[in-house]
Amino acid sequence: MKSSGCLAGIALVLFAALLGSCPPASWADNPVPAKPVEAANGMVASAHPLASAVGLEILKKGGNAVDAAVATAFALGVVEPNASGLGGGGFIVFYNAKTKSVESIDYREVAPLKATPDMYKLTPDGKIVDNATTIGHRAVAVPGTLAGLEMALKRWGTMSLKDLMAPSIKLAEDGYTVSATLNGMMKDNFEKLSRFPAASKIYLKNGLPYEDGDKLVLKDLAKSYRLIAEKGSDVFYKGEIAEAIEKEMAAGGGLITKADLAAYTPTVREPVRGTYRGYEIISMPPPSSGGTHVIQILNILEGFDMARLGHNTAASIHIMAEAMKRVFADRAKYSGDADFVKVPTKALLSKEYAAESRKQISEEKVGEKVPAGNPFPYQSGGTSHSSYVDKDGNMVALTQTINLFFASGVVVPGYGIMLNDEMDDFTPVPGNANSVEPRKRPISSMSPTIVLKDGKPLLSVGTPGATRIITALPQVIMNVVDHGMDLQQAINAPRIHCMTGEILMESRVPKEVQETLKAKGHKVTVRGAMDLYFGGAQGVMVDTKTGKLYGGADPRRDGFAAGY
Amino acid sequence: MRVRWVVMGWAAACLLAAATASAAEVKFAAKEPVLLMSAGQSADVQMVKILLDRNKISAKTSPLAGPDELQGMKTLAVAVGGSGKGLGAAGIDVEKEAARVRKVLEKAKAMGVPVLALMIGGQSKRGELSDPFITQVTASASYLIVVKEGDQDGFISKAAAKAKVPIRFVEKISEVQEPLKTIFGK
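Just so you know, the protein sequences line up as chains A and B, in that order. Following our numbering, the residues of the first sequence are numbered contiguously, the last one being 564. Following our numbering, the residues of the second sequence are numbered contiguously, the last one being 186.
If you're looking for bench data, these hints aren't it; they were derived computationally from the structure. Ideal Cβ placement from N, Cα and C applies to all residues, glycine included.
DSBU-like mimics (lysine-lysine), calculated; alpha carbons at most 35 Å apart, straight line: (1) B:Lys-181 / A:Lys-215; (2) A:Lys-205 / B:Lys-85; (3) A:Lys-518 / B:Lys-85; (4) A:Lys-205 / B:Lys-27; (5) B:Lys-49 / A:Lys-201; (6) A:Lys-215 / B:Lys-148; (7) B:Lys-85 / A:Lys-215; (8) B:Lys-148 / A:Lys-205; (9) B:Lys-96 / A:Lys-523; (10) A:Lys-223 / B:Lys-172; (11) A:Lys-154 / A:Lys-247; (12) A:Lys-205 / B:Lys-172; (13) A:Lys-548 / A:Lys-170; (14) B:Lys-85 / A:Lys-114; (15) B:Lys-85 / A:Lys-511; (16) B:Lys-85 / A:Lys-333; (17) A:Lys-518 / B:Lys-162; (18) B:Lys-60 / A:Lys-121; (19) A:Lys-511 / B:Lys-158; (20) B:Lys-96 / A:Lys-121; (21) B:Lys-60 / A:Lys-127; (22) B:Lys-103 / A:Lys-523; (23) B:Lys-103 / A:Lys-127; (24) B:Lys-85 / B:Lys-60; (25) A:Lys-201 / B:Lys-60; (26) A:Lys-127 / B:Lys-85; (27) A:Lys-391 / A:Lys-231.
Under 10 Å between C-beta atoms, here's a sample of chain A residues computed to sit facing chain B: (28) Gly-184; (29) Asn-189; (30) Ser-194; (31) Lys-205; (32) Leu-208; (33) Glu-211; (34) Asp-531.
Make a model of the complete structure from these sequences and hints.
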């Protein structure tokens with residue numbers, strides 16, 4: 001009795017104390033913004049507040065959207081090291097306000113010269129022996145990030161590489177606070193990080209993951225950034241860093257040599273284009289399958305009255321899922337590096353082909369399983385997207401990656417560069433459009449996308465999330481076009497994903513909708529409420545009447561929009 | 001209105017946590033050697049191993065331990081956290097993992113081996129995959145060590161209260177070292 005009275009007293013005191021320190025009402029790791037950020041002159045939306053701040057600083061100094069994009073990309077390599085960086089690759093789409101044209105640069109990684117279609121051993125049940133495509137030295141493809149960003153800067157930017165890298169050097173040297181998101185990534189990839197001493201040294205603190213609130217300093221990466229800022233990209237592709245990469249590869253049984261690095265070049269490509277209810281959708285062409293298939297999904301859905309069907313109703317989700325299944329079946333069969341294989345992009349983008357696919361869709365019945373062709377491995381979204389618009393109306397969509405979170409786990413010792421595991425995006429057996437070949441780019445789902453309205457830039461948007469990129473972006477675009485949402489609402493809204501039949505969805509999709517879909521015959525898997533499985537879309541939008549700028553950021557990652 | 005209910009819910013969870021935390025001051029002593037296993041196959045088991053090693057606690061780490069491995073062991077430590085990747089790498093599905101865990105817990109009970117459950121994954125190790133393992137292991141545990149961030153909704157506290165198991169909350173994974181030291185008398 002005495003002890004329970006004491007207990008109650010302690011509890012009351014604790015209750016009073018705790019009341020003053022109670023967490024916010026939302027259980028989400030990150031606060032969910034209700035409204036987009038508004039600004040008049042420039043806007044940056046990226047996956048981390050510190051990276052967005054770097055981009056904004058560049059815009060305020062007079063840099064254009066491309067300058068901001070390049071600076072932010074380097075910053076993301078510091079503050080989101082699990083998702084992109086020097087050791088990876090990416091794509092950038094640029095709307096040039098002066099010429100009113102849209103261009104893109106492909107800086108996807110390429111297979112090393114010594115790579116062969118049968119370089120990976122499979123078990124009898126089709127698994128990759130030793131996870132060699134995702135972990136370790138043989139998983140690494142030749143990085144393209146630095147070359148791609150440099151090309152973008154030379155073609156479209158106004159500032160120097162040195163000036164644009166300076167904020168990131170400071171970030172890496174001074175360190176930054178680890179977020180709950182990054183902590184979660186480190187915990188999820190603890191085994192990978194533990195396995196490689198160079199990675200452990202940087203990303204583990206006394207052998208354990210850095211915790212939310214800890215300070216992470218990246219001195220070796222800062223050193224690499226300084227070398228590049230001072231000596232240019234040649235130090236990475238031909239000089240000291242190239243030597244270090246080659247040495248590490250040789251030590252670990254990897255294939256990349258200095259010759260591979262010296263031979264790497266990014267490629268300017270004509271973007272893919274489509275329309276959706278009068279809006280022009282412009283995105284990445286092959287080797288990204290993403291742009292083509294985002295437009296393909298929208299083409300199919302354009303034939304349904306999505307506004308009437310409603311947002312995330314059972315009827316609209318059913319239609320979306322049926323469209324997605326058909327598109328992924330095509331992706332499995334046809335997508336690859338168009339420099340090596342014939343990809344029927346025009347046909348896939350055509351309204352006629354969409355009409356044919358649409359005929360197979362019943363609003364009442366669940367379609368029979370559409371053959372997937374060659375299966376692709378399940379992937380997590382170790383990728384980062386950022387969007388930009390400047391005071392002159394230039395707009396950038398940039399998505400870059402190192403593939404899976406913390407990629408291969410291989411860090412170049414002394415240089416802090418986490419090397420990609422992009423080889424996993426190839427089909428690991430010979431005879432497929434996406435099989436390994438020397439210097440070939442593996443297919444990607446990355447879809448940095450620009451939307452025009454009446455020829456004027458309206459929206460830059462993109463997301464990480466592997467194959468969920470292809471399904472998330474049509475939903476964000478339809479949320480704006482069909483459902484009248486503002487950019488932040490469009491990003492926040494619950495998402496679904498479907499590839500071959502099973503519909504995965506965030507738990508915020510109403511329960512009755514979930515039950516109706518199950519009753520219809522769909523297999524439904526419900527994930528978290530605000531689940532980063534479904535990507536981390538970051539976007540900027542322009543009110544084409546008033547010129548006001550809006551930034552939307554995804555709380556599923558540490559997304560942050562900043563404008564001035 | 002909604003905010004008020006959420007805050008009240010949190011306050012109730014805090015009270016519950018405070019009550020069980022107080023109960024955690026009840027002495028729980030464990031002995032070596034320890035069999036360390038996983039329930040859910042997340043990487044948390046490797047982190048617990050590091051913490052045991054730091055305290056020089058004699059432990060055999062066997063993430064997929066079977067009941068027979070309890071022979072000669074004085075404590076069963078279970079790192080609770082579900083991981084699709086971990087289950088896949090182990091070649092085991094959720095149902096088989098739950099069955100394995102159940103068998104080991106039953107054997108531990110039959111042998112009188114106390115179960116020390118560690119839930120150190122925080123919020124990232126909560127959800128559809130992990131929560132059933134939390135419930136399962138808590139029901140058989142003698143003591144829980146929990147990183148507080150993983151119990152924001154009071155789920156673990158409620159499970160512990162139901163099973164009448166004391167909890168020690170810590171803020172960070174690194175802080176688990178101290179209660180382990182105390183528990184094992186190091």
